[in-house]
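In the order they appear, the protein sequences are chains A and B. Here the numbering used here is used: the first residue of the first sequence is 473, the next is one more, and so on. Here the numbering used here is used: the first residue of the second sequence is 141, the next is one more, and so on.
It should be emphasised that the hints constitute simulated quantities derived from the structure, not laboratory data. Treat the hints loosely; a few may be bogus.
[Said to hold, decoys possible] Distance ranges between label pairs, derived from CB positions:
no.	chain 1	residue 1	chain 2	residue 2	range
1	A	Gly726	B	Arg158	56 to 66 angstroms
2	B	Pro198	A	Ala722	33 to 43 angstroms
3	B	Ala154	A	Glu814	16 to 26 angstroms
4	B	Glu170	A	Thr491	55 to 65 angstroms
5	A	Pro826	B	Ala154	41 to 51 angstroms
6	A	Ala794	B	Arg242	19 to 29 angstroms
[As the list claims (entries may be wrong)] Derived pair list, reagent style EDC-like, types lysine to aspartate or glutamate, alpha-carbon separation capped at 16 angstroms:
no.	chain 1	residue 1	chain 2	residue 2
7	B	Lys172	A	Asp821
8	A	Lys822	B	Glu171
9	A	Lys800	A	Asp570
10	A	Lys729	A	Asp742
11	A	Lys822	B	Glu166
12	A	Lys729	A	Asp757
13	A	Lys775	A	Asp742
14	B	Lys172	B	Asp155
15	A	Lys813	B	Glu166
16	A	Lys822	B	Asp169
17	A	Lys775	B	Asp193
18	A	Lys822	A	Asp797
19	A	Lys560	A	Asp576
20	A	Lys560	A	Asp521
21	A	Lys800	A	Asp569
22	A	Lys813	A	Asp797
23	A	Lys800	B	Glu223
24	A	Lys718	A	Asp935
25	A	Lys822	B	Glu170
26	A	Lys800	B	Asp222
27	A	Lys800	B	Asp230
28	A	Lys775	B	Glu187
29	A	Lys887	A	Asp620
30	A	Lys729	A	Asp761
31	A	Lys560	B	Glu223
32	A	Lys955	A	Glu921
33	A	Lys887	B	Asp181
34	A	Lys822	A	Asp569
35	B	Lys172	B	Glu157
36	A	Lys560	A	Asp519
For every residue, glycine included, the Cβ atom is placed at its ideal position computed from N, Cα and C.
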Amino acid sequence: MNRLESTATFIRDGVIGGTLSATDACRAALDRIAAVNAALNAFNLVDADRAMQRARDIDRRRASGEPLGVLAGVPMAIKDNMNVRGMKTTASSRILDDFVPPFDATVIRRLEAADAVIVGKTNCDEFAMGSSNENSAFGPVKNPWALDRIPGGSSGGSAASVAAQCVPLALGSDTGGSIRQPAACCGVVGLKPSYGRVSRYGLLAFASSLDQIGPFARSVSDAALALSVLAGADPCDATTAREPVKDFAAALTGIVKGIRIGVPRAFISDGVDAQVRRAYDAALDTLRDSGAVLVDIDLPHAKYAVPVYYLVCTAEASSNLARYDGVKYGYRAAEAKDGLKEMYSRTRDKGFGPEVKRRIMLGTYVLSAGYYDAFYLKALQVRTLLRRDYEQAFERVDVVAMPTMPTPPFRLGEKAADPLQMYLSDIFTVSANLAGLPGISVPCGFSDEGLPIGFQLMGRMFDEATLLRVADAYERSTEWHLKTAAL
Amino acid sequence: MNYDDHVPTTLTIADVERIAALAQLELTDEEKQLFTTQLADILHYAEQVQAVDTSGVPPTDHINSAQRTERDDEPRPSLATDEALANAPDAAVDAGLFRVPRVIGG
Numbered sequence: 473m474n475r476l477e478s479t480a481t482f483i484r485d486g487v488i489g490g491t492l493s494a495t496d497a498c499r500a501a502l503d504r505i506a507a508v509n510a511a512l513n514a515f516n517l518v519d520a521d522r523a524m525q526r527a528r529d530i531d532r533r534r535a536s537g538e539p540l541g542v543l544a545g546v547p548m549a550i551k552d553n554m555n556v557r558g559m560k561t562t563a564s565s566r567i568l569d570d571f572v573p574p575f576d577a578t579v580i581r582r583l584e585a586a587d588a589v590i591v592g593k594t595n596c597d598e599f600a601m602g603s604s605n606e607n608s609a610f611g612p613v614k615n616p617w618a619l620d621r622i623p624g625g626s627s628g629g630s631a632a633s634v635a636a637q638c639v640p641l642a643l644g645s646d647t648g649g650s651i652r653q654p655a656a657c658c659g660v661v662g663l664k665p666s667y668g669r670v671s672r673y674g675l676l677a678f679a680s681s682l683d684q685i686g687p688f689a690r691s692v693s694d695a696a697l698a699l700s701v702l703a704g705a706d707p708c709d710a711t712t713a714r715e716p717v718k719d720f721a722a723a724l725t726g727i728v729k730g731i732r733i734g735v736p737r738a739f740i741s742d743g744v745d746a747q748v749r750r751a752y753d754a755a756l757d758t759l760r761d762s763g764a765v766l767v768d769i770d771l772p773h774a775k776y777a778v779p780v781y782y783l784v785c786t787a788e789a790s791s792n793l794a795r796y797d798g799v800k801y802g803y804r805a806a807e808a809k810d811g812l813k814e815m816y817s818r819t820r821d822k823g824f825g826p827e828v829k830r831r832i833m834l835g836t837y838v839l840s841a842g843y844y845d846a847f848y849l850k851a852l853q854v855r856t857l858l859r860r861d862y863e864q865a866f867e868r869v870d871v872v873a874m875p876t877m878p879t880p881p882f883r884l885g886e887k888a889a890d891p892l893q894m895y896l897s898d899i900f901t902v903s904a905n906l907a908g909l910p911g912i913s914v915p916c917g918f919s920d921e922g923l924p925i926g927f928q929l930m931g932r933m934f935d936e937a938t939l940l941r942v943a944d945a946y947e948r949s950t951e952w953h954l955k956t957a958a959l
Numbered sequence: 141m142n143y144d145d146h147v148p149t150t151l152t153i154a155d156v157e158r159i160a161a162l163a164q165l166e167l168t169d170e171e172k173q174l175f176t177t178q179l180a181d182i183l184h185y186a187e188q189v190q191a192v193d194t195s196g197v198p199p200t201d202h203i204n205s206a207q208r209t210e211r212d213d214e215p216r217p218s219l220a221t222d223e224a225l226a227n228a229p230d231a232a233v234d235a236g237l238f239r240v241p242r243v244i245g246g
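The following block holds chain A by itself, in its conformation from the complex (with noise of 0.2 angstroms):
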């Protein structure tokens, strides 16, 4: 298979039409996954029998003439850290140890209601904090397009999998650009949605107020398949908003004439990749080509991006995972039988990793008496301010384009010791998440190493129709997204 053959929509469209059974994909992404997981090690799980036996029952579906979903047998791998009732769920921790979820997360009902066909958990950084895949109990995951260098993080795993063409989409969740980056650093599309377009029930709760489900595809038209199918208010989770759902893959027109794309010169000046700064201008320059207008923007807040995501994150973190503490569900520490603070305080010091129990310790410190309003209301009330940055640049403008990654991937190990640099490098993803705004990541070209970059769009919220339709633009006139990883 090439790569336009084994993109959602050419699989779909074969299953419906008879010319592909969903048996012969499913098996195709399980031996793809056998043949390269080794290296990889994207998958934290991958249940065969369970993908086999739902693929076999749409084939006998679609052969008794009932009608099929809009994803009709395309394989799709999930980030370990949303539930998929019967499959283990770990989020690459520990401390779930043998958790068998007893729910789907409504985005599982969506896609399966939709015919996909899920064949493995991915993985990903421990509770998907991590901007390298680096945090994960079971061990990093590799690039496939050079196995010495992180897949980005937090949703690593889904991104590498789909960047070697085990399947061709797969989900991620996004709280700082956990979705975005990876897709950069995989050379494939990633996009995180407005905050509130997907339900987030189900997903393993990091930081609510910026937590969202999106995809990774090889194309910005799988992409809003997917994003068509995952969107819409739930019952389930009160922050989903009443918007309507259209038909995103409709939205996709290949026209961008006239349409104002922002460019933040001043936030982007610094601390840029001399590689990655070429990419993007080259990026903007296709764009301009095709008819776009670029306009230069200002978001004096920007820089202060990272470090309020980094108390905001925190601290819901640290309330998020009070619920870890061997009573429910998951790992309790054996030797814990002095006293029931004894087993909450040693489970969770034996069950969390590092990063996991530092982000732990540093929300607890932003929101404990003292220091919570020169921390953590102090990071809310300027996270307002960025947002009103980004309400007055759309007023002028219909996108904001940044790089996705200020660098091309890192060596695994080169930032590990160094947490603080580790959160720098979320400094272009953050901010979508704080102001709640939709973007995507697609891939735009290769540092000299042969390494992906990333281009990066965000649009105004809800309106992830322009987004996909000047993302898609721009894809229509490169052939960035054709490339393959050599594996």
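Starting from the known structure of chain A, fit chain B onto it as the hints suggest.
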């Protein structure tokens, strides 16, 4: 507290132990040493937000918080007890209870 007050973020081992107790984390001595340095570094970096003028600026603790979210007050099925207990590290399944170490006395 006045927001313009500059909070110095030097951390001691005792601070880290206090935070760990609040967070129900029993850290090793090595972790305490490491976090004392690392958290101070991160907090020192984050101090830059304190220089931003935020007088009169309301906090954003959530996006889309304005919408009405109540549902009708009708009973609905919920997780069965045996399913709720199935993942517990220690449960008295017949009694329908989670079991934990001694809380009082001993």
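Keeping to a limit of 16 angstroms between CA atoms, is the pair of Lys172 (chain B) and Asp155 (chain B) held or broken? Distance ~10 angstroms between Lys172 (chain B) and Asp155 (chain B) Cα, so the pair holds.
Given hint Asp620 (chain A) paired with Lys887 (chain A) - CA-CA distance at most 16 angstroms: Answer holds: Lys887 (chain A) to Asp620 (chain A) is near 13 angstroms, not above 16 angstroms.
Satisfaction of hint between Glu170 (chain B) and Lys822 (chain A), Cα-Cα up to 16 angstroms: holds, 14 angstroms
Between Lys822 (chain A) and Glu166 (chain B), is the straight-line Cα distance small enough, at 16 angstroms or below? holds, 9 angstroms
Is the hinted pair Lys172 (chain B) and Glu157 (chain B) satisfied, with a Cα-Cα distance of at most 16 angstroms? Holds, at roughly 7 angstroms.
Lys800 (chain A) paired with Glu223 (chain B) [C-alpha distance capped at 16 angstroms]: holds, 11 angstroms
Lys822 (chain A) and Asp169 (chain B): Cα distance at most 16 angstroms? Answer holds: Lys822 (chain A) to Asp169 (chain B) is near 14 angstroms, not above 16 angstroms.
Do Gly726 (chain A) and Arg158 (chain B) keep their Cβ atoms within the hinted range of 56 to 66 angstroms? holds, 59 angstroms
Is the Cα-Cα distance between Lys560 (chain A) and Asp521 (chain A) 16 angstroms or less? Within the cut-off at roughly 14 angstroms; holds.
Tell me if the beta carbons of Pro826 (chain A) and Ala154 (chain B) are separated by a distance inside 41 to 51 angstroms. This hint is violated: roughly 21 angstroms between Cβ atoms.
Would you mind confirming whether the straight-line C-alpha gap from Lys822 (chain A) to Asp569 (chain A) stays at or under 16 angstroms? Measuring from Cα to Cα gives roughly 12 angstroms; hence the hint holds.
Agreement of Lys775 (chain A) and Glu187 (chain B) with the hint, judged by alpha carbon distance not exceeding 16 angstroms: holds, 13 angstroms
Checked against the numbered hints listed earlier, the structure breaks hints 5, 10; every other hint is satisfied.
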